[in-house]
Every structure is written in structure tokens, then in C-alpha cells.
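Got chain A; can you put chain B on it based on the hints?
What follows is each chain in one-letter form.
There are 2 protein chains.
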Amino acid sequence: MAETGRGFPTAEYRTRLTRLQTAMHAVGQDALLLTTAADIFYVTGFLTRFWESPARPWFVIVPANGDPVAVIPAIGADLMGQSWISDIRTWDAPFPGDDGVSLLIDTLTGLVPATGSIGLPMGLETQLRMPVGDYIRVCDGLAPRRFADATVVVQRVREVKSEAEITKIRAACAVADTAFAQVPDFAGPGHALDQVFRQFQIALLAGGADWVSYTAGGAGQGGYGDVISPAGPVPLADGDVLMLDTGAVLDGYFCDFDRNFAIGHANDAVSRAHEALFAATDAAMAAMRPGMLASDVHHLLVQSLRGHGQTPGGGRLGHGLGITLTEWPSFTPHDQTELRAGMVLTLEPGVEIAPGKIMVHEENIVLRDKGVELLSTRAPRDLPILR
Amino acid sequence: MAETGRGFPTAEYRTRLTRLQTAMHAVGQDALLLTTAADIFYVTGFLTRFWESPARPWFVIVPANGDPVAVIPAIGADLMGQSWISDIRTWDAPFPGDDGVSLLIDTLTGLVPATGSIGLPMGLETQLRMPVGDYIRVCDGLAPRRFADATVVVQRVREVKSEAEITKIRAACAVADTAFAQVPDFAGPGHALDQVFRQFQIALLAGGADWVSYTAGGAGQGGYGDVISPAGPVPLADGDVLMLDTGAVLDGYFCDFDRNFAIGHANDAVSRAHEALFAATDAAMAAMRPGMLASDVHHLLVQSLRGHGQTPGGGRLGHGLGITLTEWPSFTPHDQTELRAGMVLTLEPGVEIAPGKIMVHEENIVLRDKGVELLSTRAPRDLPILR
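The listed protein sequences correspond, in order, to chains A and B. Just so you know, we're using this note's numbering here: the first sequence kicks off at 1 and counts up by one. Just so you know, we're using this note's numbering here: the second sequence kicks off at 1 and counts up by one.
Next up, chain A with everything else stripped away, as it sits in the complex (with noise of 0.2 Å):
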């Protein structure tokens, strides 16, 4: 595929296999266990919106030693061996009373000693995708082998970007760039607020999104009251700020963005406002290097914004991202997390300009050896006016 520019060459899954056995043997595990469609995905580049569908759990083994093994519903077995791996075993699901249980514990058994150990993450920011109910199953089936914590083998890895990959997120962001500078040919005084958020669903996939997994913004007088609400049919008024954020997705790949902008005029807090955000991004871009800690970033973020006399918003101030909408580590006081370069991450402080009327802020970048490089284009320095 990697000739017409999709997906990626196979010597680009056998590096993070490698990664992740070299990962896996630290640790002591001899075979990782994956569900999720992200770790499917950047293991075996097996990539389909079927994940939509709760119906059926998927699995792939990374052994200590070898290829990955796939144990699939036989719904994607076509659409599996067009990818690099070729161990594809299926059964059909979905399939009351044995929906994969028995083959993953007999593929399982096949690749792992008895005394074995089997990654699979369990810790923050990771799921277990498939019923609760059958893991105890495959529990019980691979005793004396036992299933350990891979939270790290995989984080580790996934979280320091290929170039390849980052040539990705930037096309991603790319996508998002012209969809934003779309925004004032349907957004203003008197729009509805739903109506916008499906013109710039329709202008990220006009820019060329392969689909837009995540839009959520909000629109309030002086300010929006959170963030992550869907949209309702309320006309934009003057003295509305405006705010968008996208996920728009190209190739397997998610952008993480938002936008602001003044409807008819900004008042004098929400211009304070956006001008702490926009110093406080450029102070954390200015000061960020391989080492710090996700904790440092948090703090950058945050001094700059008390120096400017705002009120920092609660939560995380950015995250990972990538191959999902979010990835660890969050810039929050709690996150120890060590940056490294080839980390993506966006940078995303929030201020509370009154109880109940917040302006969030957020760029995506790539952390590189001496500092940071800007994947989506910086936004304006002045918060746009839409008349």
C-alpha cells in the first residue's frame, strides 16, 4: 500500500515488533496480548471503522520470538491478509457460549510455556476490549500461565513516533488547517450552532479526512461552558465565543486540535484570555526538551498563565496523540512521565475567565532532540472575529 502513499512499508511493523519484544524481554513477558483497535492497528496495520461495531473481540499474540498471530472473527479475515501478517486464525463470530475463548486460549497455550507470562496492558489509559466474563475464562484456560501488566511495554513504545508516522499526524493536521481557515464562510452572528459543527465535519472531509472521528466545541456569551458537548440548535450571538475541535482522521492517524474565535466583537477578558493562552503555548514550545517530565509541562503551562492573572483550568493541559484522538502522557501535576523525542503531543491549556465560562486553547506538535516542532499552523496571535 505504501505506494500510493497509504499505510506503510512492512519494514515499518517489523521495527515496532522488534521494539516491542526488546520491550517485552525487560520485562520478563513471553507473549503480549492485544484487543484494542489502536494496538491492532499499529501492530498489524489492520484498519476498518467495523471497531464501531461492540459485537466481536479481536485478538492479536506478539510472541517473545516471531510473527504476531492474529485470532479474528472471520468477518476480517480478507481485509487481515491484505495486511503483513500472514499467522490469521478465525472463527465465527459472533458465537454465544465460545466467541473466540477457546482458540486464543489454544493459540496462547501454543506460544507460551506453562510457566509463562502474558502481557497485556492493564493500567492507566488502557481497556480491555472483549467481555469481562471471557478474559476470566481465558484466565482460568492458561493457568499455570498468568497474565501480567504491559501497560509500559507498549506505552513506551508506541509513544516515541516513527517518522513516518509523524508525516502522518502532520498530514492530519494538515486537513484541519484548511478546514479552520474555512470557518468564517459558515460561522457568525445568527448561525446555528449544530449547523456549524456539520459544515466543518463537511469541510474537514472536503480537505480530505477519510472520516472525522471527534468534533466537539462550544459557543457561549464571553465564553463556553465546557468542552466536549455536542451541539444544539442555538443561534451564534455577538459577544459568543466561539470554539471548535476537531479529530479528523487520514490513514489511521488523528489530528487534535481546536480553534477560537469572537463572535461580532471580544470583550476585553476574553482578549486577556486568549492572549495568556496563546504566551503560555508559546512558553511551553520555547521551553520543552526530551527529559522533562509530562508534570514540568503542566507546570510551564500553568506559571505562565497565573503571570498573565488567570485562573489555569482543572484537568489535563495536553496529552499524547496519535493513532487514538488521545494518548498518554497528560500534562497534569500527577504525570511522571519522561518526554522523549518523537513523543507527539498537544499542548492545551484552558482558563476560567468566570465560574462557568472557560476558553481552551490547543496546538499539536513533535517533540524533537533540542525542542519542539509545530504540526498544525499556529493559530492567529489575535482571536479571529467573525462578523
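None of these hints come from the bench; they were simulated from the model. Since we're looking at a predicted model, the values are computed, not measured. Even for Gly, the Cβ is constructed at its ideal location relative to N, Cα and C. Some clues are possibly wrong.
[Claimed, not checked] Rough simulated footprint, nothing fancy, chain A against chain B, three-plus residues with beta-carbon under 8 Å:
1) 220–230
2) 308–318
3) 322–330
Okay, now just chain B, sitting in the frame of chain A:
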């Protein structure tokens, strides 16, 4: 929100709560723990695309008596506060080391007696949306309280839709009807499949979809290879069969149906396959009644297809539909779920025209006391030809 045609009146949620609590009482469960977007939306009306971020778990507890309790990340407090739920407890997620675990344990401890049973969906077509390591911690922290499978509790309630829900799904189907009617405007010989997919999503949004959670399809000479692939840039050619499938979302409810088109012309095998698929759907729609089993519908479809000299496709030939793209039951030989009036379902017969060449046909219906009511506009009897 009901004034604007969005959401449901509180009475709808109270009815759902009563039905769930009645089902819980029947199996002796003292609370129900819900973790997925669909289950939480069903009970609370909390609708956001923020589930796309895997960073944080979300919990809603339905006690045996009284109103639900939300235990959620602080970022969701504003939006959950707009729902009918009044007991909302938050933590500052993501929080390494205790990402809602102690708050969830405290809340469940206060709601469930020490010898009590907490229902959790664990069975076929369910997922536990929280880190499995945290689930184990919650199990330990709640002992001697124990978790028990609540798959049946949730599925028997959610699978029978209210008239208000059916109205939402019908509206989502109407959006897709509108978009499918426009396919001849942007698909035909020479059009690249990936551009057709983009234009189809744009048509769904322009037609009123809030967002498009699922599009898939296929195209190939005399049939396509699978039904879950993303699109490549290959141009459609004379003799191709094009299929487009969508799960467009309106106010949180899905449609899920597809349409087939012949590019330039349809060969005899394709025409016969389409005729058989149309007839099998008719046969099922004429015969389906409450009290039949899901496996009976599979049998009806397979018998009709065989009667037309076709090789029925493997896998399931239809399924439930509503808050997610696919819901239980599954029209397979194995699914013994009883059909009940109010179930919204897809009929999705498929045939293998030749090795590696399939064709799938899909409609959305609601089962009534006296039979089937269509929610999608019936596909044309003759396969449309795009020139």
C-alpha cells in the same frame, strides 16, 4: 431538551430506570455498574463524542432503589449536570494511581450491603470500559460484595425500544435515505472509491446527521471482497458492484443499512444475486413475528437464498440496532434470543457470488406485534446502474 426535538423527557429515563430495577430485582442484584458510552447514554442521556478519548473511565451506578449515581471525570460535570441525574461525583482524571477507583469503591460501598451483588455486563457483545487492573482493585476493595453478570439485565431492557427511541432511529434512517438517493451524483465509472466515501459522508452530514460514526463498503468486478474495508483511490470501473454502508448518528441513535449499485452494467450473476437478496429480505419481513428466535430469522434468510440458487454468506445475517451501530441479537444459527415487539433490527442477507466476490443487502426494521415495519426506505427491486 425535549422542546427542540433533542433528547427525551425525564419520564422516558424514569421508565428505563424502573425497567432496569425490575430486572435487577428479578435476579437479586443490589446495584448495576455501567461503564460504556451506550449504557450510560441509555440511563442518563449523557451524549458526547468525548468517548473517542480512551484516557478516562466513566461510571454510572443504578442502585436497586432510587436514582442513578454518576461517578465521572470532572471534565464531564458540566454536561452531566444538564441531564436528569442529580447525584454526580467527580474526580480529576486522569489521575495516576487512583483514577476513580477509590471514589467508585466508596460510592458502591454506600449503595450496596456488604453481602450484596453488583451487576456488571460481562457476556457476549459487552465490554468493560475501564483498565482491567483497576477492575481487579475495585473487586478487592468491595469484597465481600461481589460482581455478577448483568448482561441479561441490560440486554432484555435495552433491546425493546420505546416509541420515542424508534422515532429517533427512523429519523437517522431518513438521513441515510437522503444520502443514498444522491449517490448517482458522485459515484460512477472513473470515480475513485475514497472520494465516493468522502462525498457519501458529506451527503449524510448535509442531510442532517450529527456525525457519521461508520461508513464502509466495497467495490469490485462482479462483487466485492469484504464489507469492512476503508476505501482506496482505485477508480470505479464498468462491471464493478459498489456497496456503501453507513451508521449515521442523529441525537445519539444510529441507522445501519447499505445500498448496492452496478457501475456501467450488472452481469447476470450480479443481477440474480441482487434479486435473491431482495427476495430473502421480503421473505423474512413477511414471516417475522414476536416469539420467534434470532436463529429462526437466520434460517428464513438462508432458506430463501438457497431457494434462489445462491450460496448464503457466513457470519450473521442481521442484528439489533439503536444506540450502537450493532446490538444483539445476531441472526446466526446459534443465537436463541427471543424476538419481541419493539426490537429494532437489521436484516442483512449476504451471498457469495464466486470465491472472493460477495454481495450484502441491508434494511432496518422494527418488529411490531403483527409483524415488521420498515424504518429504512426499501431498496429498489432492480439494482441501480450508475453510468
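Here is what the structure says about each hint:
no.: 1; hint: 220–230; verdict: holds (count 6)
no.: 2; hint: 308–318; verdict: holds (count 3)
no.: 3; hint: 322–330; verdict: holds (count 5)
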